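*Asks:* Sequence:
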Amino acid sequence: MSRITKVEVGRRDYPLVGEFKFFKSGSRPTVLVRLTDADGRHGYGQAVPVETWTYETVESVESTLRLYLAPAVLGADPADLADIHARMERAIRPSFSVGQPLAKAAIDLACHDLWGHQAGRPVAALLGGVRAAEIRLSWTINTTSLDAADRLLEEGRALGYGSFNIKLGPPQSPDYDLALVRKVMAFAPGGLHWGDANTGYDLDTALAQAPRLADLGLAALESPLPPNRIRAYQALKRQGALPILMDEGVISAVEAEEFAALGMLDGIAMKVARCGGLWHAARIVEGMRRDGLALFASGLTDAELSLAASIHLFAWAGLERPAALNGPQYLDGRGTTDAAFRARLDRVRVPDRPGLGIVPDAAALQSLTPAAAS
361 MSRITKVEVG RRDYPLVGEF KFFKSGSRPT VLVRLTDADG RHGYGQAVPV ETWTYETVES
421 VESTLRLYLA PAVLGADPAD LADIHARMER AIRPSFSVGQ PLAKAAIDLA CHDLWGHQAG
481 RPVAALLGGV RAAEIRLSWT INTTSLDAAD RLLEEGRALG YGSFNIKLGP PQSPDYDLAL
541 VRKVMAFAPG GLHWGDANTG YDLDTALAQA PRLADLGLAA LESPLPPNRI RAYQALKRQG
601 ALPILMDEGV ISAVEAEEFA ALGMLDGIAM KVARCGGLWH AARIVEGMRR DGLALFASGL
661 TDAELSLAAS IHLFAWAGLE RPAALNGPQY LDGRGTTDAA FRARLDRVRV PDRPGLGIVP
721 DAAALQSLTP AAAS
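Residue numbers for the sequence shown follow this note's numbering, so the first one is 361 and each next one is one higher.
Don't read these hints as lab results, they were simulated from the structure. None of these values were measured; they are calculated from a predicted model.
FRET-style restraints, in silico, Cβ to Cβ:
#1 Pro531 x Pro571: 20 to 26 Å
#2 Pro531 x Ser423: 31 to 37 Å
#3 Gln726 x Leu506: 41 to 47 Å
#4 Asp399 x Ala723: 25 to 31 Å
The C-beta atom is built at its ideal place from N, Cα and C for all residues, glycine as well.
All chains should be modelled from the sequences, with the hints used to inform the complete structure.
*Replies:* Spelled out as structure tokens, the structure:
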């Protein structure tokens with residue numbers, strides 16, 4: 361394959377609609393990458409940092425890309441993802457797991473996109489083929505007011521959603537969480553609903569809440585505890601009240617394998633953006649199949665390129681559950697400027713054009729400036 365000769369980096373912010381507790385401004389910041397190969401073909405990637413959600417900021421992602429990762433991947437074959445990630449790991453070493461995974465995801469996605477353009481194939485085909493032609497979405501219920509929850513539920517139903525993922529934990533009280541879940545279950549008794557505490561519970565609270573949430577019919581409890589509370593996760597899984605999912609803390613296939621062996625989880629809420637991109641994500645999914653873990657889908661309020669990467673991954677994985685990919689819920693234009701990719705009701709079709717299948721808009725292209733070239 362033709363090798364990478366130029367790396368450009370830019371920033372593209374997407375206007376928000378509605379309120380989501382992790383965003384402190386009216387926009388969702390992202391960092392874009394464009395790779396150019398020796399034949400002049402382009403590949404685009406995107407990082408989606410949120411400082412209140414992940415430890416990486418938009419500024420740290422941009423500086424990491426410009427100063428460290430861009431020079432590291434010059435001359436590389438975009439189809440050799442093992443080499444791409446080895447180069448990035450030498451430039452920014454791992455800590456507990458993949459170092460600076462959101463920044464690395466931008467390069468990874470751009471490599472998959474460029475590889476797809478070189479091969480004339482969509483990313484899902486590069487991963488191994490499409491098992492699902494479209495991905496069904498789950499609507500996020502994120503509010504500290506039960507009256508506001510009524511409005512959110514109606515908004516989701518009006519767009520055709522029948523399944524809901526529910527944000528639990530501080531600043532909400534345990535009793536409020538139960539009331540919120542009860543409301544969702546009564547509103548849509550036929551849907552698949554799960555709770556996400558975003559690591560906000562302590563063990564005593566989680567052990568008390570899990571049986572009550574199970575009695576209400578919740579399908580699973582995601583990230584109830586901080587991921588370094590290994591013995592606490594083991595205790596919660598041993599309780600067996602309902603399936604326990606992890607997302608924070610599962611960055612590579614190593615953690616997925618180790619945490620499963622340690623009896624900490626029943627499944628993973630996969631986030632492509634958090635684990636350094638599609639290469640790591642696909643390896644995690646393969647390990648989950650081997651270990652019999654449940655695959656749930658989630659994201660970081662992904663905008664178009666990052667969202668498309670998730671859709672390709674979950675289409676290849678044959679995801680059956682609704683995906684908590686809420687870019688179409690919280691971002692203007694349903695998360696994309698590419699009308700051909702826009703969610704229709706609660707469904708997103710897998711792009712069938714080469715690469716990620718997304719055409720960045722003029723604002724995105726104008727933001728790009730050179731970071732490295734050979």
